Structures are given as C-alpha cells and as structure tokens.
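Construct all of the structure, not just a fragment, from the sequences and the given hints.
In my numbering, the protein residues as written are 1114 to 1240.
Note that these hints are calculated values from the structure, not bench results. Fair warning: there could be bad hints in the mix.
List of simulated lysine-lysine pairs, DSSO-like, C-alpha gap at most 27 Å [unchecked claim]: (1) K1167 to K1154; (2) K1154 to K1175; (3) K1154 to K1208; (4) K1167 to K1191.
Ranges of calculated distance between the beta carbons of each label pair, as one might list FRET restraints [said to hold, decoys possible]: (5) E1150 to K1191: 29 to 37 Å; (6) S1165 to V1196: 17 to 25 Å; (7) T1164 to P1215: 17 to 25 Å; (8) Y1115 to I1183: 12 to 20 Å; (9) N1135 to E1197: 37 to 45 Å.
Bear in mind that the values here come from a model prediction, so they are computed numbers and not experimental data. Virtual Cβ for every residue (Gly too), placed ideally from N, Cα, C.
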Amino acid sequence: SYYRGAHGIIVTYDVTDQESFNNVQQWLNEIDRYASENVNKLLVGNKNDLTSQKVVPTETAKAFADQLGIPFLETSAKNATNVEEAFMAMTAAIKTRMASQPAGGARPPTVQIRGQPVNQQSGCCSS
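Encoded structure:
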C-alpha cells in the first residue's frame, strides 16, 4: 500500500471542487486502514487563489479538520501561498511525535549469539 512506512500524509482537496472535498473522508478512511497507527495527517485545501470559484468555505473545512483532530491549511500552488508552511507544519508535527517516542523504539532489534567455548589444545601437535 502507498501509506506503509509513511510518517506523515497530506490530504489535499481542490477548494473549487466540492466533490474533491467530499472525497476527503474516504481518503482518511484509507489512511486509517492502511497507514501506521500514529501517522501524522494534514488537511490542505489547494487553489486558494481562485477566490471567485471557491465552493468549499474555509470555515467548513476547518470545522471538519477540527472535528477529526487534524491540522488544516489552505494553499495556492500557483502563487506558492502556504505551500512551504504546509510542509513545515507536517515536518514539525512528525519531529514532535518522533521525539516523544522512547529512544529504544528507533533501534532495530538485535540478536545475541551464545555458544559453548571451544576447547583448544596447546601446541600444534598435541598427543
């Protein structure tokens, strides 16, 4: 699955397309089903520069994100509004979560090999 091993997932919808916003819940269900349990999520409404064509109100999307307990931003890839901020918010959230996890959890498991000591005889030609 695409989500396996991801530390963070940005779910993006088009603010000028109600159907894309309606599909957000389906994407979040997929994430809950296939991604790691504590994966960070961020909801992003894109194309915020198209104000006259906007059909998903900021307040609606923000309330939805708040209800789910995930951060929300609106961006414009066209004029770079909040694009860097979205990635910075995601990386900060991941860093905070990872720092709160026990340090031992980051180490790969080790294998200890124990054997019987080998009896060695002195000299090359013992009799």
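Are the Cα positions of K1154 and K1208 separated by 27 Å at most? It holds: about 13 Å lies between the C-alpha atoms, which stays within 27 Å.
For the pair we were handed, K1167 and K1154, check the Cα-Cα distance against 27 Å. 23 Å, holds
In this structure, is the beta-carbon distance linking N1135 and E1197 contained in 37 to 45 Å? 28 Å Cβ-Cβ, so the 37 to 45 Å window is violated.
Is 12 to 20 Å respected by the C-beta to C-beta distance linking Y1115 and I1183? 18 Å, holds
Assess, step by step, whether the Cα of K1154 is no farther than 27 Å from the Cα of K1175, and give holds or violated. Holds. K1154 to K1175 sits at ~14 Å (cutoff 27 Å).
For the pair T1164 and P1215, does the Cβ-Cβ distance stay inside 17 to 25 Å? 47 Å, violated
Sort out whether K1191 lies within 27 Å of K1167, counting only the CA atoms. Distance ~15 Å between K1167 and K1191 Cα, so the pair holds.
K1191 and E1150 - C-beta distance against the hinted 29 to 37 Å: Holds: the Cβ-Cβ distance is about 35 Å, inside 29 to 37 Å.
Holds or violated: 17 to 25 Å for the Cβ distance of S1165 and V1196? This hint holds: roughly 21 Å between Cβ atoms.
Checked against the numbered hints given earlier, this structure breaks hints 7 and 9; the rest are met.
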